[in-house]
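A.B. asks: Sequence:
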Amino acid sequence: MEKTAKKLGLSFASDPERADLSANVASAEVTLAGEGAKAFARAWCGTIKWTCQSPFRPNHKRQNWFIGVYELPTSAAEAEEFNAEDLRFETLRAGGPGGQHQNKTESAVRVTHVPTGLSVVARDERSQHRNKQIALQRLQEKLSGLSAEEGARLRKSERLLHHQLERGNPVRCFKGVRFKEV
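Going by the numbering used here, the first residue of the sequence shown is number 1, and it counts up by one from there.
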């Protein structure tokens, strides 16, 4: 796969996940970039059959090994940085104890992140400027939590793919230790 991708001018990066250095590769994540990368990746998605006496398990009788190739979704949330254009600020009266100052000045601040619809209100301080800073901090925390939840959901879906291997109907077949395509 790597040789073919590089011949087509695609950038190829792989990240094998290993339990320890002596263990076999249980899974690997491959990242492709360049024009035609998506079409190239889709041609490899599915089950790959490898017929060979495995060098990793030499005493095993099985010769047909199956490898699952899946396209993983990428995270769309970028909570680390948000643009000022994505934020909508509103000022409002804080209300509550504090007398005339609280009732007449608009010191509370509501910040809304327009793309996600998340909003936070800060009315803790007497200063509108300080409440704006507090609201931005709270919004950042909310977006980080949202990003963490999405990351956990993506990791769970990746983990569940290990159990969806189809042992038939391969999209590609390879034979031998040199992985010659048949």
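Honestly, I wouldn't trust all of these hints.
[To be verified] Here are the simulated BS3-like pairs of lysine-lysine, each with C-alpha atoms no more than 30 Å apart in a straight line: (1) LYS61 x LYS7; (2) LYS142 x LYS3; (3) LYS142 x LYS49; (4) LYS132 x LYS3; (5) LYS175 x LYS6; (6) LYS49 x LYS38; (7) LYS132 x LYS38; (8) LYS7 x LYS132; (9) LYS180 x LYS61; (10) LYS61 x LYS142; (11) LYS142 x LYS7; (12) LYS132 x LYS142; (13) LYS61 x LYS6; (14) LYS175 x LYS132; (15) LYS132 x LYS49; (16) LYS49 x LYS156; (17) LYS49 x LYS61; (18) LYS104 x LYS132.
No lab work stands behind these hints, which were simulated from the structure alone. Here the structure is a predicted model, which is why all the values come from computation and not from measurement.
A.B. asks: Run through the hints listed earlier and report the numbers of any the structure violates, in increasing order.
C.D. replies: 1, 2, 3, 4, 7, 8, 10, 11, 13, 14 and 15
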